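Visitor: With the hints as your guide, set chain B onto chain A.
Protein sequence lines, in the order shown, are assigned to chains A and B.
The numbering used here numbers the first residue of the first sequence as 175 and each following residue consecutively.
The numbering used here numbers the first residue of the second sequence as 6 and each following residue consecutively.
Simulated from the structure, these hints should not be mistaken for lab results.
Predicted model only: the values in this text are computed from it and were never measured.
Virtual Cβ for every residue (Gly too), placed ideally from N, Cα, C.
No false leads were slipped in.
Under 10 Å between C-beta atoms, here's a sample of chain B residues computed to sit facing chain A:
hint, residue
1, ARG134
2, LEU140
3, GLN213
4, SER216
5, MET217
6, ASN220
7, GLU221
8, LYS227
9, LEU229
10, GLY230
11, ILE231
12, PHE236
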Amino acid sequence: MKQVHIEVKDLTMAYDDFIIQQQLNFSIHKGDIFIVMGGNGCGKSTLLRHLLALKKPAQGEIFYQNKNLWQISEQQRKKIMRANGVMYQSGALWSSLTLEENIALPLKEYTDLPAEEIKGLAYLKLALVGLVGFEEYYPAEISGGMKKRAGLARALALDPDILFFDEPSAGLDPESAKLLDDLILSIQDSLGTTIVVVTHDLPSLFAIGTDSIFLDPITKTMIAQGAPKKLLAECSNPVVQRFLSRGVK
Amino acid sequence: MGNTVPELKSVIRQLDKLDCVQLDLQGEQLGHWDSRFVLFLFELEKYCKTHNILLNLLDFPAATQGLLKQASAFPVRESGQKNKHELPFLAQLGQDALVFYKQTQTMLTFVGEVCFSSLRLLRGKACFRQRDLWLVMQDCGPKALPIVTLISLLVGLILAFVGAMQLKMFGAQIYVANLVGLGMAREMGAMMTAIIMAGRTGAAFASQLGSMQVNEEIDALKTLGISPVDFLVLPRMLALIFMLPLLCLYADLMGILGGLMVCVTLLDISVVEYLIQTKGALDLNDFIAGLIKSSIFGVLVALSGCLSGMQCGRSSSSVGDAATDAVVAGIVSIVVADATLTVVYQIIDF
Chain A
175 MKQVHIEVKD LTMAYDDFII QQQLNFSIHK GDIFIVMGGN GCGKSTLLRH LLALKKPAQG
235 EIFYQNKNLW QISEQQRKKI MRANGVMYQS GALWSSLTLE ENIALPLKEY TDLPAEEIKG
295 LAYLKLALVG LVGFEEYYPA EISGGMKKRA GLARALALDP DILFFDEPSA GLDPESAKLL
355 DDLILSIQDS LGTTIVVVTH DLPSLFAIGT DSIFLDPITK TMIAQGAPKK LLAECSNPVV
415 QRFLSRGVK
Chain B
6 MGNTVPELKS VIRQLDKLDC VQLDLQGEQL GHWDSRFVLF LFELEKYCKT HNILLNLLDF
66 PAATQGLLKQ ASAFPVRESG QKNKHELPFL AQLGQDALVF YKQTQTMLTF VGEVCFSSLR
126 LLRGKACFRQ RDLWLVMQDC GPKALPIVTL ISLLVGLILA FVGAMQLKMF GAQIYVANLV
186 GLGMAREMGA MMTAIIMAGR TGAAFASQLG SMQVNEEIDA LKTLGISPVD FLVLPRMLAL
246 IFMLPLLCLY ADLMGILGGL MVCVTLLDIS VVEYLIQTKG ALDLNDFIAG LIKSSIFGVL
306 VALSGCLSGM QCGRSSSSVG DAATDAVVAG IVSIVVADAT LTVVYQIIDF
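So that you can see chain A by itself, here it is in the shape it has in the complex (with noise of 0.2 Å):
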């Protein structure tokens, strides 16, 4: 059996007095790709800002190897944080910072790395993602997709325990979809990664995922778990089902 990586129990997220979503228990073990899926509005990155600790639950717990996420210091929290890498939708590079500055700053901030030494890693980091010769390009200067590898890279620079990924393939054409999706199998296959990734995009969740829940945007909790493409063949949910199977003939 593997290793839990984060437990979730009996997780109510709430804008104030506006449940999105409850009672949430789930496990991601150690090396798994998980896909959070549903439809728009469900709460997927709500969830996701959730065990980014960005959002406190309303209810329940979220527990990072059994450390539960909201007793401990604020030290710890933010230590534990720091081993997690995060791709969000837009890339979210910082706007004044080049690529390589990007990748530099938290290096800088949490290691005591020579410059010269940090410059390389990013160059590294820019080339696992295909991105050498931009190293010296602001974030508004490169395409959307390069963006978003560039945030990939940014999330492999203090090579993390977890990944977590926000709609990778958003805005992204069926290629760079496809190339994004291998770049996450590989490193998760190099690395031994945990992944967690929050999509609705059917190619890339049977391509990479390992195991799944489904968030319901009516019952306002999950309504399946387990490996997307088992679920497709044996969950007899029809919401689920009419999910996973759309432009399946």
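Guide: This is chain B only, laid out in the frame that chain A set:
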């Protein structure tokens, strides 16, 4: 039923009078139709349903039937209509008070965070890039010189004009120099530069941070454990604290120059006379009084700009709102602080 879509109300009125149980509509001769016609049928169908009238649409084009069917296909969200009903006065007052309480709380939290950040800065532990500081300083310092020159020169001119009119009656025109000198050094120099900076730099800070919020850049900093206050707010605040007094001093001189221009051209006072009179009227304390004010205004402009930016929502329209809030909050706080400081100076005889 005529050549155009009949008015629904009159049809309903007729139906009410007839008290019928079935309504057959013949659409065979229907010529050109558009969404208005479908809306008519849609509303009529709704009416018939609630009054238990059987509605038969005979020989209508398939497209109209299709649109009608589609329009009623989705369930109507019961609680979907946003609560538009007006609250009673007291409830509204209570709600506003709660909003005000919440806003005050966020503002104080932000000020607290900035204080902690400043302490970290003093201990040399705050994380921000010096290059950012220089860039912001350049942006809110030298680049603001042209507009500060224009405005303060004109303010000096205006003060001199107003003073000249009155003082001429007593033959005391020379005291225009005192009025302009003191007015600029103690009050107008600091206040006018601060207001210019609130409109120019405060709004820029709010929209920069606001769009970073929209772009999730601030989230990206937080997840890396880098404090957005350290990284984004501190350099902006420091830049304004350093640059505003310098700009203020420059504005003082420009204002005095404006006064000089009026005196020399209109009041037959020589340049030397004016300058000697100004020198006699002013001492270092007057300038210091203005400089202290402008440093405080710098903090206020930076705080209101950055706070509005950090609180910005996640849409592009909220970036505009943030910029507006920053300017309004900036100017109001400048004027309130100025009034308070003037009273305090008066009390401590500064």
